[in-house]
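Student: Could you slot chain B with the ligands onto chain A? The hints should help.
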Amino acid sequence: MLEIIREYGLMLLVGEYPHGKLGGLALTLIISIVSLAVTFPCAVLIALARTGPLRTPKAIASGFVHSVRAVPLLMLIFWAYFALPIVIGFPIDATYTLILAIVVYQAAYLGEIIAAGIEGLPKGQSEAAKALGLGYVPTTFRVILPQAIFNVIPGIVNQLTTIIKESSLGSIIAVSELSYVMLQVNSNEVTKPLQIFGILAATYFILCFALSQATNWLERRIANRRTGRVVVEAVA
Amino acid sequence: MIEFQGVSKWYGTLKVLKDISATVDKGTTIVLCGPSGSGKSTLVRTVNRLEPIQEGTITVAGADIYAKSVNVNTLRMGIGFVFQQFNLFPHLTVIDNVMLPLRRLHHQSRKEALPTALLMLERVGLADKAHALPADISGGQSQRVAIARSLILNPEVLILDEPTSALDPEMVSEVLKLLRQLSGEGMTMMCVTHEMGFAREVADRIWFLKNGELTFDAKPLVFFSPEAHPDVRGFLSAIQKNH
Ligand SMILES: Nc1ncnc2c1ncn2[C@@H]1O[C@H](COP(=O)(O)OP(=O)(O)O)[C@@H](O)[C@H]1O
Ligand SMILES: [Mg+2]
Numbered sequence: 001m002l003e004i005i006r007e008y009g010l011m012l013l014v015g016e017y018p019h020g021k022l023g024g025l026a027l028t029l030i031i032s033i034v035s036l037a038v039t040f041p042c043a044v045l046i047a048l049a050r051t052g053p054l055r056t057p058k059a060i061a062s063g064f065v066h067s068v069r070a071v072p073l074l075m076l077i078f079w080a081y082f083a084l085p086i087v088i089g090f091p092i093d094a095t096y097t098l099i100l101a102i103v104v105y106q107a108a109y110l111g112e113i114i115a116a117g118i119e120g121l122p123k124g125q126s127e128a129a130k131a132l133g134l135g136y137v138p139t140t141f142r143v144i145l146p147q148a149i150f151n152v153i154p155g156i157v158n159q160l161t162t163i164i165k166e167s168s169l170g171s172i173i174a175v176s177e178l179s180y181v182m183l184q185v186n187s188n189e190v191t192k193p194l195q196i197f198g199i200l201a202a203t204y205f206i207l208c209f210a211l212s213q214a215t216n217w218l219e220r221r222i223a224n225r226r227t228g229r230v231v232v233e234a235v236a
Numbered sequence: 001m002i003e004f005q006g007v008s009k010w011y012g013t014l015k016v017l018k019d020i021s022a023t024v025d026k027g028t029t030i031v032l033c034g035p036s037g038s039g040k041s042t043l044v045r046t047v048n049r050l051e052p053i054q055e056g057t058i059t060v061a062g063a064d065i066y067a068k069s070v071n072v073n074t075l076r077m078g079i080g081f082v083f084q085q086f087n088l089f090p091h092l093t094v095i096d097n098v099m100l101p102l103r104r105l106h107h108q109s110r111k112e113a114l115p116t117a118l119l120m121l122e123r124v125g126l127a128d129k130a131h132a133l134p135a136d137i138s139g140g141q142s143q144r145v146a147i148a149r150s151l152i153l154n155p156e157v158l159i160l161d162e163p164t165s166a167l168d169p170e171m172v173s174e175v176l177k178l179l180r181q182l183s184g185e186g187m188t189m190m191c192v193t194h195e196m197g198f199a200r201e202v203a204d205r206i207w208f209l210k211n212g213e214l215t216f217d218a219k220p221l222v223f224f225s226p227e228a229h230p231d232v233r234g235f236l237s238a239i240q241k242n243h
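One line per chain: the protein sequences are A and B, in this order. Residues 1 to 236 in the UniProt record's numbering are what the first sequence spells out, letter by letter. Residues 1 to 243 in the UniProt record's numbering are what the second sequence spells out, letter by letter.
Honestly, I wouldn't trust all of these hints.
To be verified - Each computed DSS-like pair below joins lysine-lysine, with the alpha-carbon atoms no more than 30 Å apart:
#, chain 1, residue 1, chain 2, residue 2
1, B, K15, A, K130
2, B, K18, A, K123
3, B, K68, A, K58
4, B, K111, B, K68
5, A, K123, B, K210
Unchecked claim - Have a look at the derived ranges for each label pair, beta carbon to beta carbon:
#, chain 1, residue 1, chain 2, residue 2, range
6, A, E119, B, L236, 54 to 62 Å
7, A, I92, B, L14, 42 to 50 Å
8, A, G52, B, S165, 29 to 37 Å
9, A, E119, B, E156, 41 to 49 Å
10, B, V72, A, P91, 51 to 59 Å
11, B, A61, A, P122, 26 to 34 Å
12, B, T59, A, V34, 51 to 59 Å
13, B, E170, A, F205, 50 to 58 Å
14, B, S8, A, W79, 25 to 33 Å
15, A, A174, B, V72, 34 to 42 Å
16, A, I92, B, V72, 42 to 50 Å
17, B, S237, A, E119, 25 to 33 Å
18, B, S165, A, F150, 52 to 60 Å
Source of the hints: derived by calculation from the structure; they are not laboratory data. Treat the numbers as computed from the prediction; the structure is a model and nothing was measured. Note that the Cβ used here is the ideal one computed from N, Cα and C, for glycine as well.
Chain A with its partners taken away, still in its complex shape (with noise of 0.2 Å):
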């Protein structure tokens, strides 16, 4: 085990850089980070348009909830990959394919997040919003949302989690994030998956062992500071 760190370990970390593309482990930080950088406004819209008052946003934000919610991310992967670039008649790098898939998949999870945090604030917040004069608008985004976000950053974190779990699926496109390069790795060195597909296992284990780890002390955190919060279960 250890002379396969020794001999791939710079390989499991970056991939081919600096020779070649950036991968391993850093390439599934960075999809994981990047996806749920841009998941999280998309997220924000779909709360929004589920919790609104307006029912056409309502019916699409919950239509596209829903069907997203009753396919598998595999295959929006293969959406993404296979048929997204005969539909807009150019191809697409494939992280950038990935990326997509999961910010559509992840848009879905995460924004019902959000939406419970809005839904989990006491009522008599918008109402005392209301009563000073304040509309939509500056409701929202003053009073509702930096409370409703604030009480499921434990949620957020526990996506990032589950993205960086299924960012390995990229290494069915040839994406080579960390498990893509552990493929390789064996298909050179055939005689030790158990070692190699352990070490994989190790890697993933430690990054979102921790992260679960951070998201419990985050809940305990911001279940002291404040009253009127939402705890709001793990989905996806």
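Tutor: This is chain B with the ligands only, laid out in the frame that chain A set:
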């Protein structure tokens, strides 16, 4: 200042306000009381359109609050509203709570809004708590901040729905003292409360509601006298037993 004319409201098939007609004169303080579920909250919440009505008209400062020319947010800016549960914004400091209307409705910068907000906090005796978070001050202090926030745009009317019901007994008096002071300064107020000492001393008129009806509307002297409506007398003796 506020006039209810034949106001009725239903929740589904349940009629919770029944043909209410009454007037709140400018500069007077009205205390509303009555058994739980009698419609006190619903009635005061109709004034700033937090609750819509199905029949009748309500005018504030001469204008029908449902007139096409009335913008609901402008209406609400002119009516301070204080809730039983304070409803301070927990993510904002005390001063930011008080400044929020100035900043978002009068579009003032932080620097412009600060002196006005500090002055208002001084009025409610909480200038030293300006930078505390709502979680770090007492219930009585929270309610005084909520009152400061509701007054920051200089509304013509202040409405309070059981402002002391969520408070520990030792904090009730600091809030009532502030309300007494505001009433003395000529604020037009509608206050739902079961603090009968306060009602006797501060109210110009006391309204008694029962089952959605305004069954008695009288000066305190009459309200607390043996000539009061039998329902009122029953209510008063029930309250006394609880205290
Ligand atoms: N949102 C609501 N939906 C249905 N019924 C309600 C609602 N709010 C209040 N009610 C009913 O309206 C009546 C009056 O309530 P409320 O105005 O809160 O009374 P009070 O403030 O005097 O205790 C009660 O019978 C109550 O159950
Ligand atoms: Mg009530």
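Student: None of the hints should be skipped; say for each whether it holds.
Tutor: Each hint, compared with the structure:
A threshold of 30 Å between alpha carbons decides the hint, and for B:K15 with A:K130 the separation of about 25 Å falls inside it, so the pair holds. Among the hinted pairs, B:K18 with A:K123 is consistent with the structure: their alpha-carbon atoms are about 26 Å apart, no more than 30 Å. Taking the CA atoms of B:K68 and A:K58, the gap is about 28 Å. The hint holds against a cut of 30 Å. In summary, the hint linking B:K111 to B:K68 is not supported, as the alpha carbons are separated by about 36 Å, beyond the 30 Å threshold.
A C-alpha spacing of about 26 Å is found between A:K123 and B:K210, which places the hinted pair at or below 30 Å, so the restraint holds. Between A:E119 and B:L236 the Cβ separation comes to about 41 Å, which falls outside the hinted range of 54 to 62 Å. Taking 42 to 50 Å as the suggested C-beta distance range, the pair A:I92 and B:L14 does not conform, at roughly 58 Å. As the Cβ distance of A:G52 to B:S165 is approximately 32 Å, the hint placing it in 29 to 37 Å holds.
Roughly 34 Å separates the CB atoms of A:E119 and B:E156, a value that falls outside the hinted 41 to 49 Å. Distance hint check for B:V72 and A:P91: the Cβ-Cβ separation is about 52 Å, which falls inside the suggested range of 51 to 59 Å. Distance hint check for B:A61 and A:P122: the Cβ-Cβ separation is about 31 Å, which falls inside the suggested range of 26 to 34 Å. B:T59 and A:V34 have their C-beta atoms about 57 Å apart, which keeps the hinted 51 to 59 Å range intact.
One distance hint, 50 to 58 Å for the beta-carbon pair B:E170 and A:F205, holds here, with the actual separation near 54 Å. For B:S8 and A:W79, the hinted distance range of 25 to 33 Å is not satisfied, since their beta carbons lie about 56 Å from each other. The hinted window of 34 to 42 Å between A:A174 and B:V72 is violated, with their beta carbons roughly 57 Å apart. Hint check: A:I92 to B:V72, Cβ distance near 47 Å, so the stated range 42 to 50 Å holds.
One distance hint, 25 to 33 Å for the beta-carbon pair B:S237 and A:E119, is violated here, with the actual separation near 43 Å. Under the hint 52 to 60 Å, the C-beta atoms of B:S165 and A:F150, about 29 Å apart, miss the expected range.
When each numbered hint is compared with the structure, violations occur for hints 4, 6, 7, 9, 14, 15, 17 and 18.
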